[in-house]
Amino acid sequence: KAGVTQTPRYLIKTRGQQVTLSCSPISGHRSVSWYQQTPGQGLQFLFEYFSETQRNKGNFPGRFSGRQFSNSRSEMNVSTLELGDSALYLCASSLSGGQNTEAFFGQGTRLTVV
Amino acid sequence: SQKIEQNSEALNIQEGKTATLTCNYTNYSPAYLQWYRQDPGRGPVFLLLIRENEKEKRKERLKVTFDTTLKQSLFHITASQPADSATYLCASRADSNYQLIWGAGTKLIIKP
Numbered sequence: 163k164a165g166v167t168q169t170p171r172y173l174i175k176t177r178g179q180q181v182t183l184s185c186s187p188i189s190g191h192r193s194v195s196w197y198q199q200t201p202g203q204g205l206q207f208l209f210e211y212f213s214e215t216q217r218n219k220g221n222f223p224g225r226f227s228g229r230q231f232s233n234s235r236s237e238m239n240v241s242t243l244e245l246g247d248s249a250l251y252l253c254a255s256s257l258s259g260g261q262n263t264e265a266f267f268g269q270g271t272r273l274t275v276v
Numbered sequence: 723s724q725k726i727e728q729n730s731e732a733l734n735i736q737e738g739k740t741a742t743l744t745c746n747y748t749n750y751s752p753a754y755l756q757w758y759r760q761d762p763g764r765g766p767v768f769l770l771l772i773r774e775n776e777k778e779k780r781k782e783r784l785k786v787t788f789d790t791t792l793k794q795s796l797f798h799i800t801a802s803q804p805a806d807s808a809t810y811l812c813a814s815r816a817d818s819n820y821q822l823i824w825g826a827g828t829k830l831i832i833k834p
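Sequence order for the protein chains is A and B.
Just so we're on the same page, this note's numbering is the position in the first sequence counted from 1, plus 162.
Just so we're on the same page, this note's numbering is the position in the second sequence counted from 1, plus 722.
If you're looking for bench data, these hints aren't it; they were derived computationally from the structure.
Just so we're clear, the structure is a prediction, and the values are computed from it rather than from any experiment.
Some clues are possibly wrong.
Incomplete in silico selection of chain A near chain B, CB under 8 Å [unchecked claim]: (1) G178; (2) V181; (3) S195; (4) E214; (5) T215; (6) R217; (7) N218; (8) F222; (9) L257; (10) G260; (11) E264; (12) A265; (13) F267.
Footprint (simulated), chain B over chain A, 3 or more residues, beta carbon under 8 Å [claimed, not checked]: (14) 227-239; (15) 244-250.
Far from chain B, by Cβ distances over 10 Å, these chain A residues were calculated [what the hints assert, rightly or not]: (16) A164; (17) V166; (18) T169; (19) R177; (20) H191; (21) Q261; (22) N262.
Glycine included, every Cβ here is placed at the ideal spot set by N, Cα and C.
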């Protein structure tokens, strides 16, 4: 079956602009989580959506937002981009997000803010 | 707060030897621990999941242990190969909200 698909793979934006990233989870997966990863850093949790509702949220400013659609596809939006937002953004889906469910990651979107 | 800690220093191992990575958790008692592999510029890939009542779990050259007394999981790669070089991440879901909590990862370098 198809894996997690993130689009676009690469993106270059200017400071102050806004950006929308997309994630299509594995079919049947209802939980989608987003992470930010900068070079040499671990995974920084942004938020998780389950059945169109935000279930968990990390410690990121309000410029970072997301949503999930009825088909479980998810989008993440960053407004008023800053240079420090340059990072690899990863999306992960899991069946239910329950205790014993693993996460399946997409290839990521590499965002560069100039 | 619930935390997972991994040795942030890179681990250098000679090819053919066994690599052992450590994952410690604090302030909670996870029912499961998960291990992932991440290559540069790519998303993590799930490797193994172990339950708290399983002492160890194996998959090919990989072995994971779960010690609830020490609050620790060990990840072993036997007969290591240069292709095993990557960052290995430990994770588990929080008690209350099932959010995945991640360690910072340990970079493993296998030298030929």
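Hint by hint, here is what the structure shows:
no., hint, in the structure
1, G178, "violated, 26 Å"
2, V181, "violated, 19 Å"
3, S195, "holds, 7 Å"
4, E214, "violated, 17 Å"
5, T215, "violated, 12 Å"
6, R217, "holds, 7 Å"
7, N218, "holds, 4 Å"
8, F222, "violated, 14 Å"
9, L257, "violated, 12 Å"
10, G260, "holds, 6 Å"
11, E264, "holds, 4 Å"
12, A265, "holds, 6 Å"
13, F267, "holds, 3 Å"
14, 227-239, "violated (count 0)"
15, 244-250, "violated (count 1)"
16, A164, "holds, 15 Å"
17, V166, "violated, 8 Å"
18, T169, "holds, 14 Å"
19, R177, "holds, 23 Å"
20, H191, "holds, 13 Å"
21, Q261, "violated, 5 Å"
22, N262, "violated, 5 Å"
Hint violations for this structure: numbers 1, 2, 4, 5, 8, 9, 14, 15, 17, 21, 22, all remaining hints satisfied.
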